[in-house]
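A.B. asks: Listed below, chain by chain, are the residues.
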Amino acid sequence: MAEQQSVPTTAAGIPSDAYVGKEPDDQGKARLESLPISFEMLLLAPSILTLAVLSIVPLAVMLWLSVMEVNFTPVNEQIFVGAENYVEMVNDGGVWNAWQTTVVYVGGSLVLQLGLGVLVAVMLHRVIKGENVFTSIVIMPMMIAPVVVGLLWQFLLDPSFGLYTYLVNQLGLFTNRPILGDPDSAMTALILMDTWQWTPLIVLIVLARLKGIPEHLYEAARVDGATGFTQFRYVTLPLLKPAIAIALLLRSMDLMRYFAKVFITTGGGPSNTTKIIGLYVYEQSLRFFNLGYGAAVGLFMLVVTVLMGLVFVETIMGGAGDDE
Amino acid sequence: MSKERTLPKPIRRYGPLAVLGLFAIWTLLPIGWMFLSSLKIRKSMFEFPPTIFFDPTLRYYQEMFVGANPVTPFLVNSVVVALGTAILSVGLGTIGGYGLSRLDLRGKKHLAFWIISTRMAPIVVVVIPLFYIYNNLNLLNTHAGLIIAHTTFNLPFAVWLMRSFFDEVPIALEEAARIDGATKWEAFRRVSLPLVLPGMGATAIIAIVFSWNDFIFALIFTSNQTQTMPVAAAQLITQTGTLWGRVMATGVVILLPMVTFGVIVKKYLVSGLTMGAVKQ
Amino acid sequence: MSDHRLRRREFIQSTGLTAGIAATAGCIGGGGGSGGGGGSTSQPPGENVEAASKIQFISESTPPSQALRSIVGRFTERTGIEVEFTLTPLLNYTEKLSSDLTSQAGNYDAVYVDPYNIGAPYYPDLEPLDGYIKQNDYDMDDHIDIHISACSQYGGENTSRALPYDCPTILLAYRGDVFDEYGEQASSDLGFQAEPSPDMTWSQYAEIARWINENVPDDVVPYGTGHMAKQHQSLANEFEMLQWAFGGTQLEGFDGKSPQIPEDPAPQFTSDASVEAAKFYTTLVDEIAHPASTTWDWSGVAQAFANGKIAMAPEWHEFNGLFSDPESSQVVDAVRWTLAPSGPAKNRNVQAHYGGSGIGINKYASDAKRKAAWQFIEWTTSPDIQFELLKAAGGTPTRRSVYERDPVAQAIDQPTAESEFPNVVPPVLEGWKDENIGQRPHHADWLQLEQVIYTEGSKMVNVNKSPQGAMESINNGFSNVL
Numbered sequence: 000m001a002e003q004q005s006v007p008t009t010a011a012g013i014p015s016d017a018y019v020g021k022e023p024d025d026q027g028k029a030r031l032e033s034l035p036i037s038f039e040m041l042l043l044a045p046s047i048l049t050l051a052v053l054s055i056v057p058l059a060v061m062l063w064l065s066v067m068e069v070n071f072t073p074v075n076e077q078i079f080v081g082a083e084n085y086v087e088m089v090n091d092g093g094v095w096n097a098w099q100t101t102v103v104y105v106g107g108s109l110v111l112q113l114g115l116g117v118l119v120a121v122m123l124h125r126v127i128k129g130e131n132v133f134t135s136i137v138i139m140p141m142m143i144a145p146v147v148v149g150l151l152w153q154f155l156l157d158p159s160f161g162l163y164t165y166l167v168n169q170l171g172l173f174t175n176r177p178i179l180g181d182p183d184s185a186m187t188a189l190i191l192m193d194t195w196q197w198t199p200l201i202v203l204i205v206l207a208r209l210k211g212i213p214e215h216l217y218e219a220a221r222v223d224g225a226t227g228f229t230q231f232r233y234v235t236l237p238l239l240k241p242a243i244a245i246a247l248l249l250r251s252m253d254l255m256r257y258f259a260k261v262f263i264t265t266g267g268g269p270s271n272t273t274k275i276i277g278l279y280v281y282e283q284s285l286r287f288f289n290l291g292y293g294a295a296v297g298l299f300m301l302v303v304t305v306l307m308g309l310v311f312v313e314t315i316m317g318g319a320g321d322d323e
Numbered sequence: 000m001s002k003e004r005t006l007p008k009p010i011r012r013y014g015p016l017a018v019l020g021l022f023a024i025w026t027l028l029p030i031g032w033m034f035l036s037s038l039k040i041r042k043s044m045f046e047f048p049p050t051i052f053f054d055p056t057l058r059y060y061q062e063m064f065v066g067a068n069p070v071t072p073f074l075v076n077s078v079v080v081a082l083g084t085a086i087l088s089v090g091l092g093t094i095g096g097y098g099l100s101r102l103d104l105r106g107k108k109h110l111a112f113w114i115i116s117t118r119m120a121p122i123v124v125v126v127i128p129l130f131y132i133y134n135n136l137n138l139l140n141t142h143a144g145l146i147i148a149h150t151t152f153n154l155p156f157a158v159w160l161m162r163s164f165f166d167e168v169p170i171a172l173e174e175a176a177r178i179d180g181a182t183k184w185e186a187f188r189r190v191s192l193p194l195v196l197p198g199m200g201a202t203a204i205i206a207i208v209f210s211w212n213d214f215i216f217a218l219i220f221t222s223n224q225t226q227t228m229p230v231a232a233a234q235l236i237t238q239t240g241t242l243w244g245r246v247m248a249t250g251v252v253i254l255l256p257m258v259t260f261g262v263i264v265k266k267y268l269v270s271g272l273t274m275g276a277v278k279q
Numbered sequence: 000m001s002d003h004r005l006r007r008r009e010f011i012q013s014t015g016l017t018a019g020i021a022a023t024a025g026c027i028g029g030g031g032g033s034g035g036g037g038g039s040t041s042q043p044p045g046e047n048v049e050a051a052s053k054i055q056f057i058s059e060s061t062p063p064s065q066a067l068r069s070i071v072g073r074f075t076e077r078t079g080i081e082v083e084f085t086l087t088p089l090l091n092y093t094e095k096l097s098s099d100l101t102s103q104a105g106n107y108d109a110v111y112v113d114p115y116n117i118g119a120p121y122y123p124d125l126e127p128l129d130g131y132i133k134q135n136d137y138d139m140d141d142h143i144d145i146h147i148s149a150c151s152q153y154g155g156e157n158t159s160r161a162l163p164y165d166c167p168t169i170l171l172a173y174r175g176d177v178f179d180e181y182g183e184q185a186s187s188d189l190g191f192q193a194e195p196s197p198d199m200t201w202s203q204y205a206e207i208a209r210w211i212n213e214n215v216p217d218d219v220v221p222y223g224t225g226h227m228a229k230q231h232q233s234l235a236n237e238f239e240m241l242q243w244a245f246g247g248t249q250l251e252g253f254d255g256k257s258p259q260i261p262e263d264p265a266p267q268f269t270s271d272a273s274v275e276a277a278k279f280y281t282t283l284v285d286e287i288a289h290p291a292s293t294t295w296d297w298s299g300v301a302q303a304f305a306n307g308k309i310a311m312a313p314e315w316h317e318f319n320g321l322f323s324d325p326e327s328s329q330v331v332d333a334v335r336w337t338l339a340p341s342g343p344a345k346n347r348n349v350q351a352h353y354g355g356s357g358i359g360i361n362k363y364a365s366d367a368k369r370k371a372a373w374q375f376i377e378w379t380t381s382p383d384i385q386f387e388l389l390k391a392a393g394g395t396p397t398r399r400s401v402y403e404r405d406p407v408a409q410a411i412d413q414p415t416a417e418s419e420f421p422n423v424v425p426p427v428l429e430g431w432k433d434e435n436i437g438q439r440p441h442h443a444d445w446l447q448l449e450q451v452i453y454t455e456g457s458k459m460v461n462v463n464k465s466p467q468g469a470m471e472s473i474n475n476g477f478s479n480v481l
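Residue numbers (numbering that gives the first Met the number 0), protein chains in the order written: chain A, 0 to 323; chain B, 0 to 279; chain C, 0 to 481.
If you're looking for bench data, these hints aren't it; they were derived computationally from the structure. Positions of the beta carbon are idealized from the N, C-alpha and C atoms, including for glycine. Do not take every clue at face value.
[Claimed, not checked] Restricting the straight-line Cα-Cα distance to at most 27 Å, the calculated cross-link-like pairs of lysine-lysine (DSSO-like) are: (1) B:K265 with A:K128; (2) A:K128 with B:K266; (3) C:K464 with C:K278; (4) B:K42 with C:K390; (5) B:K42 with A:K210; (6) B:K108 with B:K183; (7) B:K183 with A:K210; (8) C:K390 with C:K256; (9) C:K345 with C:K390; (10) B:K278 with B:K266; (11) A:K210 with A:K240; (12) A:K210 with B:K278; (13) B:K183 with A:K128; (14) B:K265 with B:K278; (15) C:K308 with C:K278; (16) C:K464 with B:K42; (17) B:K108 with A:K240; (18) C:K345 with C:K432; (19) A:K240 with B:K183; (20) A:K128 with B:K278; (21) B:K265 with A:K240; (22) C:K256 with C:K278; (23) A:K128 with B:K108; (24) C:K53 with C:K256; (25) B:K266 with A:K240; (26) B:K278 with B:K42; (27) A:K128 with A:K210; (28) C:K133 with C:K53.
[What the hints assert, rightly or not] Computed far set for chain A versus chain B, every beta-carbon distance over 12 Å: (29) F38; (30) G81; (31) E83; (32) N90; (33) D91; (34) V102; (35) D157; (36) Q169; (37) P182; (38) P237.
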């Protein structure tokens, strides 16, 4: 438990302390021409201060809340409960279910988006004309508000008048089962929704990388007798790895964080099969006002996300692109 | 796929086109359907099998702008908040991104990571404390409050993205200006800044898109006078059913400007959405 | 009372403290616009206070509130008080208002009071209205008794915290045309009267629905029954009604006839009656009802009924407004209403489910705002406005005197297609009688408890869980919350 609590502090807290603390004192005195502190740091300071207020403060409040039990009714009180909220979290089937659902949601979306995205990018790379038009078309879904995406897909999948329901019915499927109301298909539908919206990003990322692969590598491979799939497997794919990794981590973080589409379409149902962790925390905190417990689960979620982000930055972007 | 070598020529030639064509249809169909449905009268909207040919009506758009509960105030709120957060984020993000790009410091990596990590926090972790702070500062249900809330996710992104643009400006240019007697500020202001103007524009637009599309923050921090378009859309789910005609028309109004923006900044979009990790 | 207020203030300030902005926050929070400090008084603002010229009203986006918004101009004309409406879906409304009340922000002055989501947990934050009622000679006794006990009074107090405002009630809607044509044949096949009446039992209901599935052509109506079995509050509401009708209950010592709860109530879902109700509901939804039932909440059922897809459905009576609108409904001439079927229970009878709500005043609003808010809620719940809302197919009156008006009294006996007031065509007055009604407990955690019911209930009707298992899970879920 202590481990879980300490991670966000080291990941997000300490570096900030190291820098935030020193700068403000000097800020006022500094004239741009005669720089007692580094000019660069001075420029960065406003952003750091803003973010410190907007993130460290909430973090501190949440840490405090997570060891309290906050009751509003019938009497208002805050009771210090120590690690009790965290213990409850470990024993709460709802949390485990939410994490399982999250893994399916994130995992399923990633697999589908990556597979489809790489396929489309590779095909697009082969085509000589029309790339501009094609990419202009496919970026559209990314620009649409998640709420609208959710509502739109709910409309498409409605059991009594949805266009997609109709099309799927023509294949003899789901004639008697509503797609969003069936525990087996609701999650699939949500994954498809996200895939529809975000595969284009993967296409663009992978395409950018494909364009950067020098032609001579393919020629060398051809000399060795590798063509078609073999060439893709042994030349292209390894070179795509960094791009794929970036796509993977960006998407997984957003999939964890945002839940508006789920919120609008299934609200977590049926049978909790689509209650992802973000939504679970939202409900605990803002619907049932279990502020202490919600804070504990939310912080744990933060730790997981930050760790994932750490992996992202460390391994893929070469240490945040540090030039040191 | 493994049999590709033996695939007949037509497939090799038209295969990619077919894949791309299908993908384009899969992408466009829902959007096109939304547009069509926004023009359908109630009865044809609920027909099954769905109809493609019908007498179009602009009724829902009309209702939306001149009806009893017009959407215009929501639209104004959305614009105010999106512009506000874009200006704030790009303003701070540009100088911050420059600072981060040029900073020579041990542990810069950690600093950079901390900046971006603030964007990873689960929404609730940000929302609840902000709610109580806002309550004390009278920021609830104000445009300023929502602008600040949106800045929590736009600023880190703007700093990183602007930093990646500044990384591409050769330091040699600034050094040349410094030799000619320019101060550091002037080197930044007159040499590097003009070179990243397109990048600033792209950052601003992407910040606008994020803000425009946000739902949860807007849901919690606003009431009647400050609600934005996505909240307006969600309110069409009423106790007695979803007003699908209005939903479709509202959806079109929400997405049109953003899709236009997307096409305009397409060149920077990948860079923007990957926070500078991928250059197109 | 003052003690508890103090502690709440401490909480808010301590969050501010942790935030490192206590100095500013303390000042601003204390002096800030709302002037909430005066809120603890149960006396209405005095004569010297001038009513505010603009107030905020928050409500679930319900038909009466929408209708109210369209006529609120008249109130402004009369009083000079502008009312800004914030209308959102039920859960968003709950979240917004509970945040506002618990933080004492006082952003909303007049508030819609859902008895279970807001009234039961947050009633101490609602202004006691007794002083206002006395001062203004407000005729509280004109409201039908059940609305006062269900929507006005909380926590065992004898204090009114809200005025009865609206009163949706689950009854049974069915297609008259189907029974006119096939009723006789069905009656002779089944051996009892097929057309729904107050005498029908749930098991007969299931048999009739099955009979319609099998014998009525799909182009007349494809399914006999439809249900609100989505993972949504609707599932809980429907199941609660069945549970009571079968003789079961949610909490030990609670019988669905009064919202009062016993001390330390224990969950009662594993009783034989509750499990029987669960088995019955599962069969009804899974084997007999329209298969889309598991995706429908109450509005999904209403839509399906209006589109002619189901012959019978338990439904909130106010959907008759939708059914009577030729533009949205294909069943205008066909819809009929009766009490919901009765259960096998010997100990009690429940053939209707209560879903009314009140309208009240935020205690943390300033004196001027509370004064204006009172004028607004008084106007809103007056006989004339209840009549207007009824005319707009928005609300349903809670006042006896409105039902006594001639046009309303006539409308009650007319078929929906002819009636000017579709909301009073269903037998609501009959449903509200003590011997027919079922109502939920005023429990502070009911929102969360109800989520347990519909989450596990959703597993049950989606065949992930046996009825027995689901009831056990609900019991466990209840124990965790209680």
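A.B. asks: Which numbered conditions among the earlier hints are violated in the structure presented, ordered from lowest to highest?
C.D. replies: Result: hints 5, 7, 8, 9, 13, 16, 19, 23, 24, 26, 29, 35, 36 break, sorted rising.
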